[in-house]
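Enquirer: With these hints in hand, go ahead and build the complete structure from the sequences.
Protein chains: 2
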Amino acid sequence: MRPILAAALAAALAVPATAEQPPVSLQSWGSFHVGGREVVISGQPVREVLFSPGGVPARVDPNGTYLMGMMYAQYMIPANPRGQAPLLMWHGGGLSGVTYETTPDGREGWQNFFLRQGWPTYVSDAVERGRAGWTLIPEQTGGQAMVLTVDNPFERFRIGAGPGSFARNEVLPGNQFPADRESYLSFMRQIVPRFTTTDDLALDAYLALLDRVGPSVVLAHSQAGLFGWRAAQERPDKVRALVLVEPAAIGDPAKVAALRNVPVLMVYGDYIAQDSRWPAIRGNGVRFAEAVRAAAGSVDVVDLPERGIRGNSHMMMMDRNNQAVAQVIQDWLAQRGLWR
Amino acid sequence: MRPILAAALAAALAVPATAEQPPVSLQSWGSFHVGGREVVISGQPVREVLFSPGGVPARVDPNGTYLMGMMYAQYMIPANPRGQAPLLMWHGGGLSGVTYETTPDGREGWQNFFLRQGWPTYVSDAVERGRAGWTLIPEQTGGQAMVLTVDNPFERFRIGAGPGSFARNEVLPGNQFPADRESYLSFMRQIVPRFTTTDDLALDAYLALLDRVGPSVVLAHSQAGLFGWRAAQERPDKVRALVLVEPAAIGDPAKVAALRNVPVLMVYGDYIAQDSRWPAIRGNGVRFAEAVRAAAGSVDVVDLPERGIRGNSHMMMMDRNNQAVAQVIQDWLAQRGLWR
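Just so you know, the sequences run in chain order A and B. Count the first sequence with my numbering and you get residues 1 to 340, in order. Count the second sequence with my numbering and you get residues 1 to 340, in order.
Some hints here could point you the wrong way.
What the hints assert, rightly or not - Partial pick of chain B residues on the chain A-facing surface, computed with a CB cut under 8 Å:
1) S42
2) V46
3) G54
4) T102
5) V171
6) L185
7) A248
8) G308
9) L338
Said to hold, decoys possible - Listed next, the stretches of chain A that the computed footprint assigns to chain B, with coverage defined by at least 3 CB atoms under 8 Å from CB atoms of chain B:
10) 50-61
11) 170-180
12) 276-282
Because the hints were derived from the structure by calculation, they are not lab data. Note that the Cβ used here is the ideal one computed from N, Cα and C, for glycine as well.
Expert: This is the structure:
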């Protein structure tokens, strides 16, 4: 195109700094849902609903068959792939696939990074979150959803210096999270309600995703560490490698042997030793890694500060040095022959 | 790249028919949230929550400040834009931006079509839906959400032949919607819960989107017809053109004069005369169009069957002839100098 129009358009659109980067050519892109099940409701009264003001009322019979437990995935396939398998990007709790998109302060996220490296990327929204939808039938989820106050992730995700730090606007020294108020609230806008009782549904949907897409590299964050470990245990032939970014949970200790042919990378950020919860969470993860190794599996644990990469919060894919962290993962995948 | 690897990858990924199309070069792509407001909750008990099994319980204080009413938008900017403004794609009720992505039977959707034409596309999830998140504070939405049974859209969106047609598996003759059971259930997986009381919140967020992106072409479907009309009335300088696909509601009759410099296209599908609700909905729309014309505005109404394009359901962006319908819109925009 005409560079002047491009520049004018970029300015007019307030497109962030990404506009400086070279274009990327896509062979295809799109989305789909997988998984889910039918739920039948009966015995409820029929009602009339006016869907739009000035519209025409419609008769709505709440009895009938609903779908629930499905998952959403969006793919972008580069025209010149270098990744040797699709890269599935699984978000953490209270979040959606937006985790891997543009950072809250407008920089390119990890989906952009890995697509630019030539990976076919699949960013999903887990069951009951984002474009997966959510069910209005509490009996089917085993509990109510919860959502977080603005101070909670600031103090729990190692952005601020513990309890009360949001009110004090006190960020951990050297923290790389874009914690200015505007960016932080943009991150909070990404938070979605979370059911704590839908893990089995979510795992089923992730297995359906693997069955549909085929052998893949799975990159899982936080809560999805559980799903990454367990999906690899259930489908070891469909997980070419497992990258766990600060996994919040471990796999099934009875099935460590299933992981012996799945190379695993675990990545942890900064400020863990001083945190009230993260030493225990990391400790659980490292002990599970040892059990996998004892069963002939291969697990690499990277503590980023030991690589000289400092200041990373739990949301390291959004941190200002997010590209440096992504490069650690990229190098590890390339070393295993999964990128050429 | 190496065509053999591309073909093998496409086969391995089960990428749908899109793989036959030429690649598209993106200058940038990403997402953001806009709008929303803070809501303060107080007087609720603190509790401990175990977010992941085997994890470490976290103290969750539900009192505090929440964000609600924000909206999500995802953009893809072509390297060679031909659209003279961004194209904002606003979905209908009970749905999300997925409406415009891959069709339920795996063909390219309207987002693909318009991006391939060179439009910078912005696909959004309206307030309380999809990646916009939703609030757990019913007082803030004025009502409970509702979700649809599998038979409801089949019978209400002019796919099946009226009440009972889903159970009978009776599709309207010549209908273009991919109504085989597998594809139809894939469409149902896109349905999300819907609040019928959040129109003001949604309109505020759409205005925030226009303020952020700048002068745009707005393409709005069904429920979003309301938001399209009203947003154009509130921000006539930011809506270069308004394309309303079977709008379910009209604008503010007191503000028709605000629309005099906003060209409008209204598109209606097939089977309207025989439907129980659509003659009235279309009638309301056409009468409002006449009022806009009487105030010196320009509104074109296209009934697709009169153009020889037959069989279209309310979800025409997913119909098998969705490209032909998109071409009608594309030609109209080009005729108005908005595409070169």
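Enquirer: Against each hint, give a clear statement of whether it holds in the structure.
Expert: Here is how each hint holds up against the structure:
Violation of the interface hint for S42/B is found here, the shortest Cβ-Cβ separation to chain A being roughly 11 Å, above the 8 Å cut-off. Annotation: V46/B was flagged as interfacial toward chain A, and the flag is violated, the nearest CB pair being 11 Å apart, outside 8 Å. Hint status for G54/B: holds, given a least beta-carbon distance of 5 Å to chain A, under 8 Å. The beta carbon of T102/B is positioned within 8 Å of a beta carbon in chain A (closest approach about 3 Å), and the interface hint is therefore held.
Taking 8 Å as the C-beta cut-off, the interface hint given for V171/B is violated, the closest approach to chain A being about 18 Å. Because the beta carbon of L185/B sits about 7 Å from the nearest beta carbon in chain A, less than 8 Å, this interface hint is met. Contact between A248/B and chain A, as hinted, is supported at the beta carbon level, the nearest pair being about 4 Å apart and thus within 8 Å. Look at G308/B: its Cβ only gets to about 28 Å from chain A, farther than 8 Å, so that hint breaks.
At its closest, the beta carbon of L338/B sits 13 Å from a beta carbon of chain A; the interface hint therefore is violated under the 8 Å criterion. Given a C-beta distance limit of less than 8 Å, the hint that chain B covers the segment 50-61 of chain A holds, as 10 residues qualify and 3 suffice. A stretch counts as covered by a chain when three or more of its residues have a beta carbon under 8 Å from one of that chain; for the segment 170-180 of chain A and chain B the count is 0, and the coverage is violated. With 3 residues having a Cβ less than 8 Å from any Cβ of chain B, the segment 276-282 of chain A passes the three-residue criterion, so the hint holds.
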